[in-house]
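Engineer: Chains S and F, in that order, are what the protein sequence lines are.
Numbered continuously in our numbering, the first sequence closes out at residue 309.
Numbered continuously in our numbering, the second sequence closes out at residue 279.
No lab work stands behind these hints: they were computed from the structure.
You may find that some hints are simply not true.
Calculated pairs, BS3-like style, for lysine-lysine (alpha carbon to alpha carbon, straight line, at most 25 Å) [as the list claims (entries may be wrong)]: (1) S:Lys23 x F:Lys25; (2) F:Lys168 x S:Lys42; (3) F:Lys25 x F:Lys94; (4) S:Lys179 x S:Lys211; (5) F:Lys94 x F:Lys229; (6) F:Lys108 x F:Lys52.
The calculated label-pair distances, taken between Cβ atoms and stated as ranges, are [said to hold, decoys possible]: (7) F:Glu197 x S:Gly52: 41 to 49 Å; (8) F:Thr28 x S:Tyr4: 35 to 43 Å; (9) F:Lys92 x S:Phe259: 32 to 40 Å; (10) F:Glu188 x S:Gly83: 29 to 37 Å; (11) F:Pro56 x S:Phe259: 39 to 47 Å.
Glycine included, every Cβ here is placed at the ideal spot set by N, Cα and C.
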Amino acid sequence: MERYSQRLAYGETIVALGAENPKVVVLEADLGKSTMSALFQKAYPDRYFEMGIAEANMISTAAGLAASGKIAFCSSFAVFASGRAFDQIRQAVAIGSLNVKICGSSCGLSDFGDGSTHQSVEDIAIMSAIPNMTVLTPADADETRLAVRAAAAIDGPVYIRIVRNDVPTYTKGGFVPGKLSELRPGSDAAIIAHGAMIEAAMNAAAILETKGISARVINAGTMKPFDTEGIIELSEQVKAIVTAEDHSRIGGLAAQTAFALRQSCTPMDYVAIEDKFGQSSHSLKDLMEHYGLTDTAIVNKTMALLRKS
Amino acid sequence: MQNVNDIRLLANKIRRDVVEMIGFKGQTGHLGGSCSSAEIVAALYGSRLRFKPDDPQWDGRDKLIYSKGHAAIAQYAAMAEVGCFPREELWKAKELGAMLQGHPDRLKTPGIEAGTGSLGQGLSIAVGMALAMNLDGHHDRKVYCIMGDGEMAEGQIWEAAMAAVNFKLDNLVGIIDRNALQATGFIEERFNTNPLEKKWNGFGWHVIEIDGHDVDAILAAFDEAAAVKGVPTVIIANTVKGKGISFAENQASFHNCALTKEQYDTALAELNEKIEAMS
Numbered sequence: 001m002e003r004y005s006q007r008l009a010y011g012e013t014i015v016a017l018g019a020e021n022p023k024v025v026v027l028e029a030d031l032g033k034s035t036m037s038a039l040f041q042k043a044y045p046d047r048y049f050e051m052g053i054a055e056a057n058m059i060s061t062a063a064g065l066a067a068s069g070k071i072a073f074c075s076s077f078a079v080f081a082s083g084r085a086f087d088q089i090r091q092a093v094a095i096g097s098l099n100v101k102i103c104g105s106s107c108g109l110s111d112f113g114d115g116s117t118h119q120s121v122e123d124i125a126i127m128s129a130i131p132n133m134t135v136l137t138p139a140d141a142d143e144t145r146l147a148v149r150a151a152a153a154i155d156g157p158v159y160i161r162i163v164r165n166d167v168p169t170y171t172k173g174g175f176v177p178g179k180l181s182e183l184r185p186g187s188d189a190a191i192i193a194h195g196a197m198i199e200a201a202m203n204a205a206a207i208l209e210t211k212g213i214s215a216r217v218i219n220a221g222t223m224k225p226f227d228t229e230g231i232i233e234l235s236e237q238v239k240a241i242v243t244a245e246d247h248s249r250i251g252g253l254a255a256q257t258a259f260a261l262r263q264s265c266t267p268m269d270y271v272a273i274e275d276k277f278g279q280s281s282h283s284l285k286d287l288m289e290h291y292g293l294t295d296t297a298i299v300n301k302t303m304a305l306l307r308k309s
Numbered sequence: 001m002q003n004v005n006d007i008r009l010l011a012n013k014i015r016r017d018v019v020e021m022i023g024f025k026g027q028t029g030h031l032g033g034s035c036s037s038a039e040i041v042a043a044l045y046g047s048r049l050r051f052k053p054d055d056p057q058w059d060g061r062d063k064l065i066y067s068k069g070h071a072a073i074a075q076y077a078a079m080a081e082v083g084c085f086p087r088e089e090l091w092k093a094k095e096l097g098a099m100l101q102g103h104p105d106r107l108k109t110p111g112i113e114a115g116t117g118s119l120g121q122g123l124s125i126a127v128g129m130a131l132a133m134n135l136d137g138h139h140d141r142k143v144y145c146i147m148g149d150g151e152m153a154e155g156q157i158w159e160a161a162m163a164a165v166n167f168k169l170d171n172l173v174g175i176i177d178r179n180a181l182q183a184t185g186f187i188e189e190r191f192n193t194n195p196l197e198k199k200w201n202g203f204g205w206h207v208i209e210i211d212g213h214d215v216d217a218i219l220a221a222f223d224e225a226a227a228v229k230g231v232p233t234v235i236i237a238n239t240v241k242g243k244g245i246s247f248a249e250n251q252a253s254f255h256n257c258a259l260t261k262e263q264y265d266t267a268l269a270e271l272n273e274k275i276e277a278m279s
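Only chain F is shown next, with the shape it has when bound in the complex (with noise of 0.2 Å):
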């Protein structure tokens, strides 16, 4: 890929799949931080991250760490859409014997680099790895790391955003989803982890705050990031909890849900929409 528009289209088909791996029918799944990083997940399957969809082990790859690893329904899918597995898998997700687990397993999905959940812990691994391309002359190699706003409260990070600097890891970009909600509510009424520009600066990382749904600037944030040289860059996306839904926009209570049949018809009609507009 792929264009602009390419890359919106796969991130709404990303929204549409995660609506249907939850289902009507009782099952639950992070519905909200899933939407939220759609147009990221999207901008780096679609466009930035080099892997070979047949070959998860190519040592030319570049290494996408999902941290927010709740949300890695948005990850199945975009894998599947890009051809890394059968869409079939990602009906079977959760599943007792799947492929896909509820969080992110390296063992069981060929093409995830890391086990994630235990939030937190993805910047540490993907410092790791940063560390291993540079040991193996591996410079054009890159390390994308997605977390989360709410995860920021984790002191692991900041132990990691220091580590980072101090290896001076310019092979290395963080995302941050700030979808500005945590499980239970709004992050500054419920535990404030802003203003996180200011603590990032301060830790040393190059930061750029972007529109985490604007797919011209998550790519324009890649190419800059991609030129800073000496220091790892973090890209602060300002996204919507549960965006393209209309009544998960910005709701906690569509973090990790359920949908009614209505809901379910209701979210597919609105990405079916926006999907035969943009094909």
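Just chain S, same shape as in the assembly (with noise of 0.2 Å):
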């Protein structure tokens, strides 16, 4: 399976948009050479402003570009952009509805090595219960220039939530905001993902096949709006449904589909980072085994609630 970063994918997006559309502009917090905004700074130099190690400072000059017709990107860590520069999104953003786009990368865990200050495990509820504020999150490197594209379009402030390492590409286009998309088809369960637990949901479903178990593989490409009418159309087709995040299960992808679930008799369960902030790693795939974001847990819960329906 081919692997892309979706931080070049980003970087990639955004310099074909700042081709197509002049008013688009970049803003950077001194992270440009990971978050890849570093692209748009060769290609349009004059439109890209490195704003130091000031996030809040970013996030509110960006609003008053916005204010003044540009659509402005801004990028940082996830755990930045969403944490330190929090109330400059609300109270200018998201109250203004203005064209601010703000990728969030490195997310979830995927800063494995730098431990719980770099690692977002609360970006999503964060983002997501801000109003106005539509939250993406593409699962592979073609998604994510989808989503980029998606968020210029879109009238309004937009989070994009991207991981640090190259994931493998699963998407065959047609990203919807908004709406929940089929990865692999299956009738017995479903698993629901998004960003860096695809591969593992991909990987749970491919074990399932080999217990018997059809498990069908949905893309959350879009945490909101979610889609409640998707998830609740999914749970009238299989017997049980699981969501797998590399996030807190509070606000999240768990929380989310529990809440479309209410008045539904199919059982659902969840993969997520309990209540509880990372750690440092030497490697991804230990951290991510550390909190049981696995294709192995995605299993074991999946075959419980089959068990019991």
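Assembly of the complex is requested from the two constituent chains, each provided in isolation within its own frame, with the hints serving as guidance.
Structural biologist: And the structure:
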């Protein structure tokens, strides 16, 4: 399976958007070589603003640019983009419904070595709680390109969440904000995942197949607006639903799915980070295993639900 | 506008509107900080700010960010006085569904450029607007940002101060309404943000210090700012919180207050006397 970087996809796509639309501007807080917004600086230096290590000022400045008719892309690590600048995002960007597009890079546990300070286990919850905000969680590099383009087209603020590591490309185009998409057919159970956990979900479905269980894999490429109708339809077609995310179970995919299923009889369970911070690890694989974010965990939860049903 | 007397008159009309917006039936409003900035706001809306009252999105306009958003009622009063919207809106301010919110809201109020009120963020927004004007080649337009001296405690102010110098934003004019009071008392006793001149100088801004109730000085400072090239200008305007209302002057308790009928009548009488003398 071909792997590619969501970060490179982000950088390449904002460059493409910059060529198409002179209103596109990019702001960065000294992480441009990691978030790949540096590609935009090379292509369009006049429309690129290095704001220094000052995320709050970056977001409010982006609000000023957006209020002047620009489409302002900002990037940082997800933990800083959502946390350090929360009030700036809320007050000027979201209340004013401005065209500020925030890329939360190195999300979840994907910055494995840097530890809890740099790992975002709550960014989806924080950003989803803000009225007017759209939250996109693309599955892979190809979908990141489409999500970044969708963000530019949406009138209002958007948060785009991407991982640090290269991920396999499972999607085949057709990203529609606000809609679930199917990555693998199946009729017994459904596994819903986004971003970093798509690969584990696909592997889990393959393992389940060897056990005679047909598992559908669903990509939740948008966390807000969440496709509640899509979840309800899904619940009528399978006997169990399991969610998988590299995020706290509070305020993320598990919580949104459970809310969508509140009047459904289809049982659900989740694979997510419990109410805990991350920590350093020499490898992403070890860290994901430590927090139970594995294909095995998805398989076990799915089989347990099916045994009960 | 206008001659200096007209601007002084407008400032006192703003104060009168502010008192009438607060009323005497238990509604509260930010009287002190509105009155301290009245001449600054009047000099902008009455003279220096280029705008079209009937076309708030006119792309040749200057922009004003009222970073100390709690005192927005002074801006609302000025906007109504110069015809941006009907004066009737003033009396509905802060009602459920009102066009005029407790803090500025760009979506609800035509002519309001940005949401402020979470303090310390307005100057950063102004930086973004000044950058956009440069990108668009609109070199004759300016961005003004009114801040409070209590607000200087917010760290983001100094992030924006660095950014404005970094980007050489000589189209940006900051104005500090230095009324020497924060909500809970005198700044020099509570949390001292002084000396502001040295701080802004140190950050690389062109600094002008004036009496913020002296309209001639305010206009001269705007002229000086317009001539400065390559760096942003900050005007430190020394003001009196509650200016123009005898019982409210220099009193922290009138930062955000309700007025009794007696206070209301006294304030209106004092302001009407000034307004009649100037008219």
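Engineer: Confirm or reject each hint.
Structural biologist: Going down the list of hints, with the structure as the test:
1. S:Lys23 x F:Lys25: Violated: Lys23 (chain S) and Lys25 (chain F) sit about 49 Å apart, past 25 Å.
2. F:Lys168 x S:Lys42: Holds: Lys168 (chain F) and Lys42 (chain S) sit about 21 Å apart, inside 25 Å.
3. F:Lys25 x F:Lys94: 14 Å, holds
4. S:Lys179 x S:Lys211: Violated: Lys179 (chain S) and Lys211 (chain S) sit about 30 Å apart, past 25 Å.
5. F:Lys94 x F:Lys229: 41 Å, violated
6. F:Lys108 x F:Lys52: 18 Å, holds
7. F:Glu197 x S:Gly52: 41 to 49 Å: 24 Å, violated
8. F:Thr28 x S:Tyr4: 35 to 43 Å: With a Cβ separation near 57 Å, Thr28 (chain F) and Tyr4 (chain S) fall outside 35 to 43 Å, so the hint is violated.
9. F:Lys92 x S:Phe259: 32 to 40 Å: 37 Å, holds
10. F:Glu188 x S:Gly83: 29 to 37 Å: For Glu188 (chain F) and Gly83 (chain S) the Cβ distance comes to about 34 Å; the hint holds.
11. F:Pro56 x S:Phe259: 39 to 47 Å: 40 Å, holds
Comparing the model with each earlier hint shows violations of hints 1, 4, 5, 7, 8; every other hint is respected.
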